[in-house]
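Asker: Line by line, the protein sequences are chains X and H. Numbers 1 to 318, taken from the numbering used here, label the letters of the first sequence in order. Numbers 1 to 258, taken from the numbering used here, label the letters of the second sequence in order.
Hints are computed from structural coordinates only; laboratory data are not their basis. Only true hints are included.
Below, simulated SDA-like cross-link-like pairs (lysine to any residue); rule was C-alpha separation at most 25 Å, straight line:
| # | chain 1 | residue 1 | chain 2 | residue 2 |
| --- | --- | --- | --- | --- |
| 1 | X | Lys23 | X | Gly48 |
| 2 | H | Lys92 | H | Thr162 |
| 3 | H | Lys2 | X | Glu102 |
| 4 | X | Lys74 | H | Leu87 |
| 5 | X | Lys24 | H | Arg254 |
Covered stretches of chain H (in silico footprint by chain X; criterion: 3 or more residues with CB under 8 Å from a CB of chain X, positions within the stretch not fixed):
| # | segment |
| --- | --- |
| 6 | 9 to 18 |
| 7 | 75 to 82 |
| 8 | 87 to 97 |
| 9 | 250 to 258 |
Label pairs and their in silico Cβ distance ranges:
| # | chain 1 | residue 1 | chain 2 | residue 2 | range |
| --- | --- | --- | --- | --- | --- |
| 10 | X | Glu268 | H | Arg255 | 49 to 59 Å |
| 11 | X | Glu120 | H | Gly173 | 44 to 54 Å |
| 12 | H | Asp18 | X | Ile291 | 56 to 66 Å |
Quick reminder that beta carbons are idealized off the backbone N, C-alpha and C, glycines included.
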Amino acid sequence: MPSLAIEIENLSKEYPHGFLNLKKKMSLENLNMQVESGEVFGFLGPNGAGKSTTIKLLMRLIFPTSGTARILGKPIDDVSVHEDIGYLPEQPYFYDYLTAVELLDYFARFHGLTANDRRERVQKMLRKVGLETAKKMQLRKYSKGMLQRVGMAQAILHEPEVVVLDEPMSGLDPLGRREVRDIILELKREGKTVLFSTHILSDAEMLCDRVGVIVGGKLRGVGTPGEMVGIQTQGMEILFEVEGPAKRFPLLERATQTGERYRVEVREAELYGALDELKGAGARILSVAQIKQTLEEFFMNLVETDRAQASAVEVSGK
Amino acid sequence: MKKAWIVATNTFREAVRDRVLYNLVFFALLMMGAAILVGQISIGIEQTVIVSLGLAAISVIGLFIAVFIGVGLVSKEMDKRTLYALLAKPVKRWEFLLGKFAGLVMTLAVNTAAMALGLYATLWSVKHPLVRSDAYVFVAVYLILLKLALIVALAMLFSCFTTPFLAILFTGGMYVAGVFAYDLRTIQGINMNPLTVRMLRGISYLLPNFQNFNMTGAVAHERGVPASLVWHVTLYTAVYCAVVLTGAALVFSRRNLK
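One chain only, chain H, in its complex shape (with noise of 0.2 Å):
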């Protein structure tokens, strides 16, 4: 584990190096925009609009750099064979690949949390004071947080055994199918075969369900998030992803560089 630390540490490193946190001058500048606009058009609801704008700008800028980055963290490293002086380490290939992930995941949470801050301080420039409801802002990019975990991990383990293009195509897909896993679940076409039905069913518990993670309606409408739900979701991801990285290292362990 301390090993994983070494790569994990470098990992952010990197990232911080090669500029990745410089989304949050795009999204500061978002929430600035935002904030002029709201207090012009949106009497009343302030408070909706940009907590759903922050949400989403939240989601999709860590959805962007999960999905580019975390293929890239395995592949980058083989096709430029910086992997090659660290392999010859005493360094087993699991820790590599697990030191990868943790790397990306701080990386995410530090760009999470800034972009957190950076949404309440819109939020306060537009109604100070803050509530105690706003708290619940916190859980929903908490939840972000995980989803962009998971996304990772499956970037990762696609990143193993295909190109980087391909992977992204996997990613953004299991994406996708995460998002309808529940109306796949629920589907019930008027002359479906009861077997396709069923088979639809299989493959949505298998799919990671991401409508678990997504709670910008209900926060942005002031309501809370059930202790238990965020409980269900953390295990929920600590399993998924403890599933997908062993696969990854799987593949990993017997994958030849060039």
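Next up, chain X with everything else stripped away, as it sits in the complex (with noise of 0.2 Å):
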């Protein structure tokens, strides 16, 4: 049984709202979710879902109105577990006026590193986000995406055992999203853990051991990514191509033509009917793939439930 890195117990927070605060808000509902030791946990779930109130709530930036978390077996209000702690926060911004070294060293200095472990430490996570030719300049001059390199780099200076990262892909160019992509499977090799919360949902299914759907403040569901959109399969698809001028037949009547070739979806009892088919007709078989559901579809779908429920909410109580 592995250890957990992180333990979250029945968090909620509300927030206050409206005339005099008396109205209350709630942004997250009861959340209780668990990450192992060393595995990589995407946070996933649209604007406003409660990913990053969950993250601030760990990183004890907001405080809950109930429940308990844990990082590493200790309270989060604990501030020593801080030293095992890395984090990006969505959006980073940074003092301006400091250059990325200045920055760095300012936040080594807190893990108590000497000056020389600082100076090496700096030196090595420049290197690691590609940020060594604009270490001198002031982050006042850094695009998006530098700032975000930046805020990587201070997120795993001391090489903390648990790294959380909200929105780490954000503002990021294909070679940068890229290049966190291979951060983070480089942290899961040195056995770390890793949360994070992304929009990009190709990015989770590529990265993730496992994944935690949040929509409107509840969370809907854990596990594997593959778990979590189910492991049966929703169909067949054949890609095929007709040679010589195409004879008609049933099959080809269903399919999408793109250029030469033709796509057609057929249900897992029909395939060997369909095969059958296509080669009686001369069609020469590109591929067979089982249809799933993506990570998205998924995603999409729980969101546009949750949608349809709240509205339904909204009409009954008119």
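Make the complex out of the two chains shown on their own, each in a separate frame, by following the hints.
Answerer: Here it is, written out as structure tokens:
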């Protein structure tokens, strides 16, 4: 049984709003979640779902209305736990009068590193995030993507056991995203625990051991990307070509043509019959593949269900 | 305390890089202008005019820095969200506050010391050589610095629970009320309700008594400042700052960031 890096129990957060702050808006509702040591955990959800609220609660930037959380076995109120945590805020902004070297050195000092260690680590991190050439430039001259890279560097500078990244791919070009993906994979190889929130579902599918989907402040599911979308296939996809003037046959009528190729979807039980039909018609079969719901489709279904439920409540309320 | 010191040195660096010390150029110009003018219009009272003007300028410039930058110490970090990455490090919120306070007081100390040097240079140019009684000017400058430290603490307290605009108003209001704290204590209206008098007296003891810090009149006329008064005001500032900063830390320790 692997040990737990992050344990969240019944965590809720209400924000007061309206006249004299008399109304309450539930931003997070009874969140129960666990992240195991050494895993990469993706936290998915649309804007306003509660992802950043959860991360800010873990980082004690905001305080819960109820519930508790522990990181590496210690309650989040214990400041010493932050010796082993790295955090990248969403759309990070740092002291713009500092250079990247000065900023990283400043943050490293809070971890009690010696001057030599700090110098070495800072140089190593700047190489890792590709900012060596801009290291002596003040951060006010940095682009959004460069700030994101500095943010990544400060999060892993002290070699923490747990790394929490709030939208780490945001603002990055494809190359930058690739570099962040590589850093996350490297952290995983080193046995670190990574919790990151993202909108980019392909990144979550590619990087995560497990994902949690949060919608409307409620956790809607946790599991491996495969488990989340279900293991049963939704059908089979056949890609084929027809040589010479195409003879008409039923499957061809259902197929979608792209250039010289045809694509058709059939039920799993119909697969062998369809293949026989194509063979009989002289078609060349290029590929047969399972059709699975992507994480993105699964995620969108949840969001739409949530919106439908919300509007149903609104209508019945009226 | 070590972590508060790390924050303090960075706060000082921020002030220097944000050109806070540029006010010294204004002070230098003012002192040069005063030196030229005093020579022409105030025969025999050069010392009084230069010292009064110099100390008033040190106090007003410092007051502006203490209120406006003091309020921004916490609120700017929250607005710009530079605080997020910092508070995720192993640093307690009170250490952050103490570091910010110490950093701005360091900035004010350097600024005030530079202005004091400018004031001495002006005095020397008008009536050299300097005499023993001119050392009292240094004591008056020291008391101004203590006053500014107290204002920074108040500005930080207010900025921990309200908007920057209101925090500036509250700090300014406390300063004005503090200047009249002694008058409030000794007020005796003809038809005043005894309860009101007692209440005003009570409030006057809670307000920071900024009259304690003002030695400009005495020093300008080359009168000395008793050492016991200097110790008393130093202790008063230390205790008052400790209480105000503790209050700020209590408010800030449970403050939700945006």
